[in-house]
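Visitor: Sequence:
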Amino acid sequence: MPKLGMEPIRQRQFIEATMEVIHEEGLHATTLSKVARRAGTSPGLVAHYFGDKAGLMAATFQHLARELGQEYLRRLSGCRTPRERALAVVEANFADRLSQPAVVSAWLSFWSQVNHRRELARVQRVVASRLTSNLLHSLRALMPREEAARVAKGLSVFIDGLWLRATLSTGGVTFTEARELARDYLTTQLAMHQKEFADEQPA
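Residue numbers 43 to 245, in my numbering, belong to the letters of the sequence shown in order.
Since the hints were made in silico from the structure, they are not lab data. Bear in mind that the values here come from a model prediction, so they are computed numbers and not experimental data. Please note: incorrect hints may appear among the correct ones.
[Stated by the list, open to error] Simulated DEER-style distance windows between Cβ atoms:
#	residue 1	residue 2	range
1	179	84	24 to 34 Å
2	83	199	37 to 47 Å
3	68	192	33 to 43 Å
4	79	218	15 to 25 Å
5	79	50	20 to 30 Å
6	187	49	40 to 50 Å
7	167	210	42 to 52 Å
8	79	229	40 to 50 Å
9	121	68	32 to 42 Å
10	83	126	19 to 29 Å
11	82	199	14 to 24 Å
12	233	84	53 to 63 Å
13	66	236	16 to 26 Å
14	50	161	18 to 28 Å
[What the hints assert, rightly or not] Simulated pairs of lysine to any residue, SDA-like, Cα-Cα distance not exceeding 25 Å:
#	residue 1	residue 2
15	95	167
16	95	117
17	76	195
18	95	107
19	195	125
20	195	144
21	76	154
22	76	65
23	95	155
24	95	126
25	95	125
26	195	156
27	195	138
28	76	107
29	95	84
Glycine included, each C-beta is placed from N, C-alpha and C at the ideal position.
I would like the entire structure built from these sequences, with the hints used as guidance.
Guide: As structure tokens, this is what we get:
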């Protein structure tokens, strides 16, 4: 029996090991045995926590989504204006943690399976919805409602595309450059719409 309080620690250990194996061998070659070997334990213990490979993969993707959510919270906690909040959401998506090789490999592997695995698709819908809603919450205070919705959607798609390009060896964009491009897009959109928004407000 695992010691009391060890379950969350064990689960995180297995998830970290899973990402490392995915990074080194790819998603399809990842097995409970390889994850157990990397974590220094038995396949039976991995199965005890996650059931099977599908359960382990879903838990790992959920872990990545939670980490991104926590990154939003950390960065938003010190913001005082809607503009700062919108920029913080952009910054969170290019945080150092998200650019680590094993994390990048895991995200890419799971994205490749979203159209084929319902449990992964559910997680991705939450990730995409959270990004757009976080942006929209701030942008509504800075521009007309319809424009805020359009910019939030456009920026969220732009962020995903930039992140993907930054992860590829042939992408031609670093994570730092990708972050700055996303910031520039947001800044440009704010400059375009804020005067219009101010003109529409009652005196």
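Visitor: Under the constraints set out in the numbered hints, which ones does this structure not fulfil?
Guide: 1, 4, 7, 10, 11, 13, 16, 17, 20, 24, 25
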